[in-house]
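Visitor: Just need the whole structure built from these sequences, with the hints factored in.
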Amino acid sequence: MSTLLDDTDKAILRAVQSRLPIDQRPFAKLGEELGLSEEEVLARLQALKESGVIRRIGGNFTSTALGFASTLCAAQVPQEKFAKFVETVNAYHGVTHNYRRGHEYNVWFTFIAESMEEIEANLARIAEDTGVEKICSMPAREMYKIKVDFPV
Amino acid sequence: MQLEATDKKIIARLQGDLPLESRPFAALARELGLSEAEVVARIQALSDHKVMRRFGATLRHQRSGFASNVMVAWRVPPERAREVGRALSAFRQVSHCYWREPCDDFPYNLFSMVHGRDEAECRAMVAEMAQTAEAEEYDLLFSLEELKKTSMRYFDREGEIHEG
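So the protein lines, in turn, are chains A and B.
First residue of the first sequence: 1, per our numbering; consecutive thereafter.
First residue of the second sequence: 1, per our numbering; consecutive thereafter.
If you are wondering where the hints come from, they were derived from the structure by calculation, not from laboratory data.
C-beta: ideal position from N, C-alpha, C; glycine also.
Where hints are given, some of them may not hold.
Reference listing, derived: stretches of chain B covered by chain A, where coverage requires no fewer than 3 residues with Cβ under 8 angstroms from a Cβ of chain A [what the hints assert, rightly or not]:
id	segment
1	17 to 24
2	42 to 56
3	94 to 101
4	144 to 155
Guide: Structure follows, in structure tokens:
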């Protein structure tokens with residue numbers, strides 16, 4: 001996929017994945033920084049979205065700064081309860097990421113809600129609804145890094 | 001930072017997809033009854049106060065050359081958690097790193113996401129990280145299946161803007 005990107009695409013991706021200028025005309029400003037016209041920046045971003053390289057352009061927010069609580073959960077889910085468990089957990093809009101992993105704890109998901117009490121109440125309900133009792137919650141004590149930029 | 005109702009509406013909108021047009025905040029400003037300059041100033045304030053940690057494009061890793069990733073759970077003494085967490089974070093292949101409350105029967109307390117071109121590169125990187133950070137007890141949790149991946153929607157209800 002990356003071989004289809006030319007140097008201008010790569011320059012744009014490098015810039016926009018770390019920071020789009022906060023400006024009334026952000027794409028014109030970005031173009032100025034890269035020596036490109038606003039039209040060209042917009043056309044290339046449109047193409048990068050259509051080809052699936054860019055998932056989304058927008059803001060990422062810090063849940064705790066917005067007054068929300070979050071945690072990482074791990075569950076031991078037996079095969080016969082797997083489908084029901086995933087369906088139940090994924091129905092919560094505060095569950096944003098969920099992966100099956102190769103471990104005794106085989107389902108790992110993140111849970112964001114307005115308070116830790118709400119998360120714990122939801123986990124208790126999930127356990128009750130699915131019959132999966134081994135669910136542990138590991139709230140963060142400290143965050144050292146959250147950066148989803150990659151070399152392009 | 002104390003968030004006002006207008007800020008919550010702006011947040012609700014910015015967590016979606018920004019329109020690819022010359023003045024992407026014009027419609028939002030009109031709906032909120034603000035000038036574009038005011039909307040931009042509020043977005044800048046959200047960024048300055050770290051409420052918004054990033055404003056930009058989210059890429060699909062699989063399509064940008066980082067096809068493999070692994071969650072690494074590390075077990076370190078609490079008094080070393082900060083030092084090891086920072087050492088792991090210094091690697092550019094690490095996207096996330098947290099010190100977490102451990103679970104009863106899962107005593108690992110540091111979690112990092114490590115990215116690479118393939119599984120072998122991830123494993124080699126983790127071995128190097130372990131040596132550098134002097135953290136020898138860890139477990140690799142490769143993802144076998146993505147079951148859900150979305151962005152959190154904050155203030156969705158507050159963000160509803162009623163026409164007229």
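Visitor: Please go over all the hints and tell whether each is borne out by the structure.
Guide: Evaluation of the provided hints:
1. 17 to 24: holds (count 7)
2. 42 to 56: holds (count 12)
3. 94 to 101: Our answer is that it holds, as 8 residues pass the Cβ test (under 8 angstroms) against chain A, meeting three.
4. 144 to 155: holds (count 12)
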